[in-house]
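Q: These protein sequence lines are chains A and B, in that order.
Residues 0 to 296 in numbering that gives the first Met the number 0 are what the first sequence lists, from first letter to last.
Residues 0 to 126 in numbering that gives the first Met the number 0 are what the second sequence lists, from first letter to last.
Hints in this document: simulated from the structure, not taken from any laboratory.
Don't take each hint at face value.
Residues of chain A clear of chain B, computed beta-carbon distances all greater than 12 angstroms [stated by the list, open to error]: (1) L148; (2) D160; (3) P162; (4) E198; (5) A216; (6) T218; (7) V227; (8) L264.
Which bits of chain B does chain A cover? Going by a derived footprint, with three or more residues having C-beta under 8 angstroms, they are [as the list claims (entries may be wrong)]: (9) 2-12; (10) 30-40; (11) 85-96; (12) 106-114.
Values in this document were obtained by computation on a predicted structure and should not be read as measured data.
Just so you know, even glycine gets a beta-carbon here, dropped at the ideal spot from N, CA and C.
Listed below are the residues making up each chain.
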Amino acid sequence: MARSALSYAQLHATDEQRARAWWGAFFATLLTLLGQVAYIFIDLRVHPGNLVLPTLRAVHAVEALGLLALLVIRRRTASPRLSADVFVAVGLPYLIIFAVAEVAMAASGLVWMPLTGHRLLMVGIGLLAPTGLALGLGLIGAFALESVLLWYGLDLNSHLDMPWEPWITLVWGGTACGLMVFRVRTQRIEQRLQKARAEAESLERVARLFLAMRDAANTPLQSLELGVSLLQQRSPENAALLVTLERALTRLRSLTTRMAIADPLLDWDSHEESIDAEEVLRNLEESLTRELERRRH
Amino acid sequence: MERVLVLEDDNDLRALLCELLVASGAKACVSAGSVAEMVGLKDQVLGCELALLDVNLGSGVPSGLDAYQWLRENGFGGRIVFLTGHARSHPLVRKAYDLTQARILSKPVDAKVLMALVRNPDGSFRS
């Protein structure tokens, strides 16, 4: 019973992990799709005649649309791994697009805030990445590294009077890493609590079952006890047979007494004052049937 | 020992209890399967010197504790013993334990203990 309770808890933890990973990948992909479509029109205004950047964004938007469709189709069955793969697939193209965009902005002579995309994306990763620490930290690290390479590679430090860069971008990266670590730790605590709760509920179900069985057995057991006692008085010639029955009764009594071990686990509600053992057993049977049905599908 | 009252919802156990108690020396056994039935036998019930009350008389019906209240309110002066198959943590059983004037026996009770209730008016059990 304890083993099946553990499997139950693990099953639910997996369901939750799957759902969390799916929603993270879904939001990241949806925001990418919307953002890139918007930036196609912005880039056409900012860099007229330069089709490289809008084309890259369009390709990225199409990729995001395809991945979004995949996620929607696989909504019920998507594994955490698939969601993580989608997250990486939708995130990595930003490395190229951001590099091209920063180069284009540096060449345009316009006033702009460099590395804004990197900062926003790193925080986005911290908030939405499927909660595998390595994946999130790896992606944040990649964007932080690229921001430093672009800053010095494009010689932005000599063109722009921004002594705080690229350090402020790295601070954003550190903050994103902190968010990621916080989310992973919170999720682990939630999973531990959920597992403990599932085990406690399972043990209480066992205790309730023991109690129902004991209650249902005690009255007929009492009848047998009295019947044997009466027979001992009235039929002393069957003493050997009655001793056998007495031994069987003792074993049954011992069994019902041992079932009392789970009593302290029970949390009685006021409406349960008149416990009906048959009803408890019937409810338990229904719960087991539902669980079996759930596992079949 | 004159008369004993047995309040138990299980027909077989009720019959066996009465049979055992009479065999142990009780003059008569007044038996009832519910509080309503017990109330219907008021005169005979109040003439008993010992009452054996099952705590749980079924789901959604008055319990042995209700029977206890009725007996005390109607001047029953005999001893009252509760029988229960429930855990000690059960709310009804906890309430029964709070009643200092009643004794509680957990099913299955050894037949000798029940016989001693009739044979020894103080309820002491000597094997």
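Q: Does each hint fit the structure? Answer for all of them.
A: Consistency of the hints with the structure:
no. : hint    : result
1   : L148    : holds (68 angstroms)
2   : D160    : holds (76 angstroms)
3   : P162    : holds (71 angstroms)
4   : E198    : holds (20 angstroms)
5   : A216    : violated (8 angstroms)
6   : T218    : violated (5 angstroms)
7   : V227    : violated (8 angstroms)
8   : L264    : violated (9 angstroms)
9   : 2-12    : holds (count 3)
10  : 30-40   : violated (count 0)
11  : 85-96   : holds (count 7)
12  : 106-114 : holds (count 8)
Checked against the numbered hints given earlier, this structure breaks hints 5, 6, 7, 8 and 10; the rest are met.
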